[in-house]
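For the record, the sequence lines run as chains E and P. Residues in the first sequence are numbered from 1 upward in steps of one, following the working numbering. Residues in the second sequence are numbered from 1 upward in steps of one, following the working numbering.
Rather than coming from a laboratory, the hints here were simulated on the basis of the structure. Glycine included, C-beta positions come from ideal geometry on N, C-alpha and C. Check each hint, because a few of them may be wrong.
As the list claims (entries may be wrong) - Short derived list, chain P residues pointing at chain E, Cβ under 10 Å:
| id | residue |
| --- | --- |
| 1 | T56 |
| 2 | Y58 |
| 3 | M280 |
There are 2 protein chains.
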Amino acid sequence: MQRRSFLKKAGLGAVAGTGVIAAPVIAQENPAVKWRMASSFPRSLVALFGSADRFTKYVKEASNGNLQIDLFPAGEIVPALQVLDAVSNGTVQAGHTCGYYYLGKNPSFCFDTAVPFGLNARQLNAWMLEGNGKKLMRDLFGKVNIVNFPLGNTGTQMGGWFRKEIKSLEDLKGLKMRTAGLAGEVLAKLGVVPQQIAGGDIYPSLEKGTLDAVEFVGPLDDEKLGFNKVAKYYYYPGFWEGGAQVSAYFNKDAFEKLPKHYQAILESTVIRAHTEMMAMYDSMNPGALRRLIANGAVLKEFPKEMMDASFTATAEIYKKYSDKDETFKTILTDYMAYRDDLIPWFNVVEGSYTRYVAHAISQARK
Amino acid sequence: MQRRSFLKKAGLGAVAGTGVIAAPVIAQENPAVKWRMASSFPRSLVALFGSADRFTKYVKEASNGNLQIDLFPAGEIVPALQVLDAVSNGTVQAGHTCGYYYLGKNPSFCFDTAVPFGLNARQLNAWMLEGNGKKLMRDLFGKVNIVNFPLGNTGTQMGGWFRKEIKSLEDLKGLKMRTAGLAGEVLAKLGVVPQQIAGGDIYPSLEKGTLDAVEFVGPLDDEKLGFNKVAKYYYYPGFWEGGAQVSAYFNKDAFEKLPKHYQAILESTVIRAHTEMMAMYDSMNPGALRRLIANGAVLKEFPKEMMDASFTATAEIYKKYSDKDETFKTILTDYMAYRDDLIPWFNVVEGSYTRYVAHAISQARK
Numbered sequence: 001m002q003r004r005s006f007l008k009k010a011g012l013g014a015v016a017g018t019g020v021i022a023a024p025v026i027a028q029e030n031p032a033v034k035w036r037m038a039s040s041f042p043r044s045l046v047a048l049f050g051s052a053d054r055f056t057k058y059v060k061e062a063s064n065g066n067l068q069i070d071l072f073p074a075g076e077i078v079p080a081l082q083v084l085d086a087v088s089n090g091t092v093q094a095g096h097t098c099g100y101y102y103l104g105k106n107p108s109f110c111f112d113t114a115v116p117f118g119l120n121a122r123q124l125n126a127w128m129l130e131g132n133g134k135k136l137m138r139d140l141f142g143k144v145n146i147v148n149f150p151l152g153n154t155g156t157q158m159g160g161w162f163r164k165e166i167k168s169l170e171d172l173k174g175l176k177m178r179t180a181g182l183a184g185e186v187l188a189k190l191g192v193v194p195q196q197i198a199g200g201d202i203y204p205s206l207e208k209g210t211l212d213a214v215e216f217v218g219p220l221d222d223e224k225l226g227f228n229k230v231a232k233y234y235y236y237p238g239f240w241e242g243g244a245q246v247s248a249y250f251n252k253d254a255f256e257k258l259p260k261h262y263q264a265i266l267e268s269t270v271i272r273a274h275t276e277m278m279a280m281y282d283s284m285n286p287g288a289l290r291r292l293i294a295n296g297a298v299l300k301e302f303p304k305e306m307m308d309a310s311f312t313a314t315a316e317i318y319k320k321y322s323d324k325d326e327t328f329k330t331i332l333t334d335y336m337a338y339r340d341d342l343i344p345w346f347n348v349v350e351g352s353y354t355r356y357v358a359h360a361i362s363q364a365r366k
Numbered sequence: 001m002q003r004r005s006f007l008k009k010a011g012l013g014a015v016a017g018t019g020v021i022a023a024p025v026i027a028q029e030n031p032a033v034k035w036r037m038a039s040s041f042p043r044s045l046v047a048l049f050g051s052a053d054r055f056t057k058y059v060k061e062a063s064n065g066n067l068q069i070d071l072f073p074a075g076e077i078v079p080a081l082q083v084l085d086a087v088s089n090g091t092v093q094a095g096h097t098c099g100y101y102y103l104g105k106n107p108s109f110c111f112d113t114a115v116p117f118g119l120n121a122r123q124l125n126a127w128m129l130e131g132n133g134k135k136l137m138r139d140l141f142g143k144v145n146i147v148n149f150p151l152g153n154t155g156t157q158m159g160g161w162f163r164k165e166i167k168s169l170e171d172l173k174g175l176k177m178r179t180a181g182l183a184g185e186v187l188a189k190l191g192v193v194p195q196q197i198a199g200g201d202i203y204p205s206l207e208k209g210t211l212d213a214v215e216f217v218g219p220l221d222d223e224k225l226g227f228n229k230v231a232k233y234y235y236y237p238g239f240w241e242g243g244a245q246v247s248a249y250f251n252k253d254a255f256e257k258l259p260k261h262y263q264a265i266l267e268s269t270v271i272r273a274h275t276e277m278m279a280m281y282d283s284m285n286p287g288a289l290r291r292l293i294a295n296g297a298v299l300k301e302f303p304k305e306m307m308d309a310s311f312t313a314t315a316e317i318y319k320k321y322s323d324k325d326e327t328f329k330t331i332l333t334d335y336m337a338y339r340d341d342l343i344p345w346f347n348v349v350e351g352s353y354t355r356y357v358a359h360a361i362s363q364a365r366k
């Protein structure tokens, strides 16, 4: 039966009757398309770079090799922090990067990655896939000729590596620290001197002594980049990145030119790779943290005084941007209403469960 | 350039030279295939049923309409709790159901859904997609001629609806309660009389008074099924389902007969729909809970005494199955080592973050 319906579908009768005329109609179903994708990350980062690599593989497999995307690590064809521009102007058809790297162009891009005291990974999925996040972000990136998708999340990040212990707010004054997104502005209000540096370029600055502290992601990437070799105190939580999303940006013209089923293939494969990045972090972070601690890292929680001061500073920054930018205000209002709804629910059900099991595991170990 | 490579790829030169001989080669790339998928859930459950509906839509779109899966709600072509059998023996090519419904056939099937005090949704993703879970589950389901994929998760579930308040372990004795999976055996050790009933059939039993308590999922589904109309106390957390996964089961012969790129399309679209189910729950649960509370539901946390007794009972049950079933023991050992690694990490970083933000939100509301 399948054989017969296939014959019917392919219109072979017509081919037999009219020679080759029908053939192009059949074949055009799957034109060969080649894209280039620029990553903001070095090849050594197995989750950050690796998930984009998987994405291109899944696209190739699902399209039977007809849609091919060549992936390039940071700096190879596009500098790490210029990926958005390159996609926007069509230098490349696709990019894998973080919206908040481009805060200088538009502060609302931060909502596509993470904002201080914002949603965690699963909550951001809910806002992006089922809430108003998708429409709000599509409208935003549409203005720079980009169609955006989530392609990964790191989970709640660590607060980073500090050469000296943070005992009070005083200890933050004048601290030169690598960070990204709105975190820099929040920490600046506490006296930190923030610097945005691409992942692959942080270690040399730290080694040269031009940085006092660095936050990048968490155990998996931080171990790979060697930060523990130059700073000992490893703080949590990275309250500016409760769940940092990484994004796939597609040039809008290139995307819209694709056959609908190629677009559909991209939409599904990108969410698969997105989900897998989080699974890679969750799978590899505990082991990396154990090794870091065995090698001398000292795990510390940020003082509550610092969390409270940062929460207040964040509110001021949100107000500043909202006052001067209507789009920022619209997105912030929607995002924060969602957060205020979702986080208490998480804290009750997911939270009470995780706390109990963590407690029971530690009791059982005694 | 794309046009030229497409011509080359499609082998049009050969077609022109040799008549229709090459045409079947082109067209067979995308044979028309029709599958049937039986769901264990009624159509009214927008996330549980709806995510499988989305999956079939994504498959159709990505395959340009060539791979079509017709989805049937519980009972329409296969009874709700017989989906695994129907897929296994090829009555249908695909099913959307929960492994733990089939505990009677093989207790290890529970690991494909949830086990008491097990992994949460994100942790289960990590184990299933990046840990040993995929291989262990593939081997297990391969024995019943099934290829398994995750197609959704509910997150940590509620502990369910109780007609009477649970003040001590005494209050559990003789309680007739609907539940599923190993939860029934755990609660039986505490004196509960467990019953497994498909989602769509619970309400009538509750109304007739043949049940004293019911747990199904959480606010979204429980509101839809009307449990709050017949029981007032709404308990959390559902410690037997820290993150209940729903599964897509494909008949192995049918799956392996598909062209590789159709298999690849299924693999990516299923993970997209999987991720979206969780996002649907997270997006809709808080509102559903608010409405339930407004209509008289009383939210309660299970007494610690009950959690502790259940944790002990669970360990006994795991030992019982491990002693008589080598496969169960192998999977349990891997799963629990993963849990003991991952949950403390979650509790520290994700946990400290969520607790702080929940606290800050409640302070800001005062």
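Cross-check of the supplied hints:
no. : hint : in the structure
1   : T56  : violated (12 Å)
2   : Y58  : holds (5 Å)
3   : M280 : holds (5 Å)
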